[in-house]
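Could you build the full structure based on these sequences and the hints that come with them?
Residue-level listing of the chains:
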Amino acid sequence: MTEFAAILLGTVLVNNYVLVQFLGLCPFMGVSNKLESAIGMAGATTFVLTLASICSYLVYTWILSPLELEYLRTIAFIMVIAVVVQFAKMFIEKTSPLLYRVLGVFLPLITTNCAVLGVALQNTNKGYNFWQSSLYGFGAAVGFSLVLILFSAMRERLAAADVPLPFQGAAIGMITAGLMSLAFMGFAGLI
Amino acid sequence: MQMLLDQPVLAAVLALGTLALIFGGVLGFASVRFKVEGDPIVEQLDSLLPQTQCGQCGYPGCRPYAEKIAEGDVINKCPPGGQATVDAIAQLLGVEAPTLDAGDAANAEVKRVAFIREDECIGCTKCIQACPMDAILGAAKQMHTVIAEECTGCDLCVEPCPVDCIDMVPIATTLATWHWQKPKPAGLIASDRDHQAA
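If you read the protein sequences in the order shown, they are chains A and B.
Going by our numbering, the first sequence opens with residue 1, and the numbers climb by one from there.
Going by our numbering, the second sequence opens with residue 1001, and the numbers climb by one from there.
I should point out that these hints are in silico values taken from the structure, not numbers from a laboratory.
A portion of the hints provided could be inaccurate.
As a list, the in silico DSS-like pairs of lysine-lysine whose alpha-carbon atoms are at most 25 Å apart [claimed, not checked]:
#1 Lys-1111(B) / Lys-1077(B)
#2 Lys-1068(B) / Lys-94(A)
#3 Lys-94(A) / Lys-1035(B)
Facing chain B, a subset of chain A residues (Cβ under 10 Å, in silico) [what the hints assert, rightly or not]:
#4 Ile-75
#5 Gln-86
#6 Lys-94
#7 Tyr-128
#8 Leu-150
These stretches of chain B come out as covered by chain A in the derived footprint (C-beta under 8 Å, 3 or more residues) [stated by the list, open to error]:
#9 1003 to 1010
#10 1019 to 1030
Think of the CB as a built atom: it goes at the ideal place given N, C-alpha and C, for glycine as much as any other residue.
Listed below in structure tokens is the structure:
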């Protein structure tokens, strides 16, 4: 139980995928303009990331390992992720047209979200079992969601703020992200 | 199993090929199972339009216009909805909001309202039926009048009037109606969209 809590805490705060490991920065900057779409993106990424880490664990353990094809894991994981994203896209399009309208552009972005591939590869590197892998994927997704939503809320405030001309636009966004990253570095040594 | 281990290349090709086949099957099944009928965006566009069915956009009502927008028509053809509707549609579609194209009806900057010359009105109720906003008050054989606040200046009542007693009058700015210009919207911080537009 302590071990699971450690994995969850470790992925959400200490080794946060976005702010500490700097993976998945593209949606972090791209989809954080509006809180609403950030929440949607966070939900979609959580869904995809958890499912992708489970699927890639299964593919690795039951197909690649027995055939001694571990060296093919990157290609295989990319395939798994692409399929999971495509499936999630169809699922969302059917069940929530509004969310699809908001996320339609960004869902394919999850495919190339390096955090997803990063989680799958880290799972095999760390030799996690099924439950640990799922939890690791879920924790990474929760960490991503937390940071994305926090950041988008800040950017909404920044949009109305009186920012000096040279810092307007992406510059102040990057600076904010950097400060958030510094803050998250403070969690190092928590576990 | 042993044979596959002896032939690593064959094993690799087989494993990835089988995986791809399975995934293809799953996606094929999903595309049938989660097939989306119709275009849900039309419903949302239709709900944003003012439902006055005035036809000033050139289409016979709000829903046909919503369908045309979904097919890529410009979104600024709705004078009754005003700039607010254009902005809302732009928000929904994620495009930049163009300024309202009010057509001939309100090429002048000033907002106009219908005005019925009441001594000439014969009380035929035809303009009441034409008004999409229910902005004209009156009864048969009684003179009618326009509720200026409800009138969107759409011109639809002018045509049916048999005695041509309806004028479109611009609303003059008075001390009571004058207001400060609205501030420009704060420039949002950069997004991918800005770069696409540039």
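Each hint tested on the structure:
Straight-line distance between C-alpha atoms of Lys-1111(B) and Lys-1077(B) comes to about 16 Å, which keeps the hinted pair within the 25 Å bound. Between the alpha carbons of Lys-1068(B) and Lys-94(A) the distance comes to roughly 23 Å, so the proposed pair stays at or under 25 Å and holds. A C-alpha spacing of about 7 Å is found between Lys-94(A) and Lys-1035(B), which places the hinted pair at or below 25 Å, so the restraint holds. For Ile-75(A), the interface hint holds, since its Cβ comes within 10 Å of a Cβ in chain B; the closest pair sits about 7 Å apart.
Satisfaction of the interface hint for Gln-86(A) is found here, the shortest Cβ-Cβ separation to chain B being roughly 6 Å, below the 10 Å cut-off. Interface restraint check: Lys-94(A) against chain B, minimum CB-CB distance 4 Å, threshold 10 Å, status holds. Using the Cβ-Cβ criterion of 10 Å, the hint placing Tyr-128(A) at the interface with chain B is not satisfied: the shortest such distance is roughly 21 Å. The beta carbon of Leu-150(A) comes no nearer than 16 Å to any beta carbon in chain B, farther than 10 Å, and the hint placing it at the interface is violated.
With a threshold of 8 Å between beta carbons, the proposed coverage of the region 1003 to 1010 of chain B by chain A holds, since 3 of its residues qualify and at least three are required. Closer than 8 Å: that is the beta-carbon criterion, and the region 1019 to 1030 of chain B has 6 residues meeting it against chain A, so the requirement of 3 holds.
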